[in-house]
Amino acid sequence: MREKSRSGRSGGLFVAVTALSIAGAATVVAAGVSVLAAVMARRIVTPATTRSDDTDVLGVDLEASTITLAVTPDSVLPGDYSFWFERESGHAQLGEILRVTKTAVTRRIHRVDYGDLSEARRGRLGGYSYLGPWDLGFPFEQVHVRTEVGQAPAWLIPAERPDGRWVIQVHGRGVQRQETLRAVPVFHDSGYTCLLVSYRNDGDAPGSGDGRYGLGDTEWHDIDAAIGFAAEHGATSIVLMGWSMGGAIVLQTATRTAFHQLLSGVVLDSPVIDWADVVAFQGSTLRLPGLVATGAMQVLGRRWGGRLTGQASPIDFSRLDFVTRADDLELPVLLMHSDDDGYVPSSPSRALAVRRPDIVTFLPFTVARHTKLWNYDREGWNAAIENWLGELGSPAEPAEPDHPEG
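Numbering (full-length UniProt numbering), first residue to last: 1 to 406.
Derived from the structure by calculation, the hints contain no laboratory data. Heads up, a few of these hints could be off.
[Claimed, not checked] Derived CB-CB ranges, DEER-like:
1) Asn387 to Arg108: 26 to 32 Å
2) Glu119 to Glu148: 43 to 49 Å
3) Gln151 to Leu98: 43 to 49 Å
The model shown is predicted, which means the values in this text are computed figures rather than measured ones. From the three backbone atoms N, C-alpha and C, an ideal C-beta is built for every residue, glycine too.
With the hints as extra help, turn the sequences into a complete structure.
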C-alpha cells in the first residue's frame, strides 16, 4: 500500500510537471504569435523607403540589346517591363522574350534610361513602362492638389478637346504615380483629361502626422481633394481608377466622397477588395501561422495597437471589405485581376463580380501577375477600358458637392 501511495504521488507529480510544461510551452507560443502579429501589423502600415532587388542578372549584351535573367514568375511574363537594377541606381526598359531555359530567360533591351546595365548583378522587374509623362509625348502640367496634409503633386494631362470628362488615377502601395502612366494613352484617346495624383506617405505627397498607411481608410481624403481640384478646373464627369491599394482607396472615395454626382465610374486593376484576404494571403506566403495574420488585423483595428504600429487611429476593416459591402456600390465598375496575382488574391474580385453583375464588368486574367495586366496584354487591356468608357455615355452636368463625411 505504501508503494502504491508513493507511485500515486509520483504519478501526480508527473502530471503536474507535464501540465506546467505544456502551459509554459503554450505561453511561449502565444508570446511568439503576439510578437509576430505586432511585427506584421507594423510592416503592413509602414511605408517602405527602398525596394529590394530580387532577380539575378546572368548576362548582358549591349551590342545585341539583350539581357539574361534568372527565371522567376515575373521574368518569364511576356510584354514590356521596367527593370531597376543595383538598388535603383539604374533603369532600363525590357521587351520581348527571346529565349527561355529552365533557369534563364533572355529578353530584348529597348533602352537604358540611366545607370551601367553592363555591370548589373541584380535588379527587379516592374510594371512601369514610363518614367514620366514626357515619355508619352502629350502636353502636361505639374500641378498641386491642396489636401488636408499639404500640397500633393500631380501630373495633369489635358484632353485635346476638353469636354468635362476626367479620370483621376491612383497608384498602389509602395510605388508612385509613374505606375498610372500606362493608362493615360487609352483615356487620352477616348477624350479624357488625366490627373495622376499622389497621396499621403507615398514619398511624393506630404506625410501624415503618424507617417503610416491607412490602407485606404485615410488616403481617400486626398483623392476627394483631387476630385475637388478637378471640379474647379472644369470636370463634370469623373472616372476613378486605382491599382492594388489604390483600388481600395478609390472604393473608399467612391462611397464616402462629397462629390457623388460628379463620379461616373470606377476602373480597378489588381485591386484590394477585402484587406482580410490580403493579410491572410501574405501570412500564408510567409509561412506564418494563421493566428499571426488574424492577430495583425486585431492590432491594426484596435486603438491600443497604435502603441505597436505608430498609427494615430485604428483601421476599420469592415469598412474596407467590399465583398460584404457590395450593395453599397452604385457606380459602374470595370474590374481586372489575374488569378496568379501573387500579392493580392483575385478571389474577392471574383466574389464582388458575382455579387454585383448589374454594375461590375469583370475581365479575368490567368498569368499576368500583380498590376502587370497591361504589360501582359496591352491590346486587350486597352480595348476593355475603351469599350467600357464608350458605355458610360455623355458627361454629366456640373453638380454641387454633398456634405462630406467626417
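Worksheet item: Which numbered hints does this structure break?
Response: none
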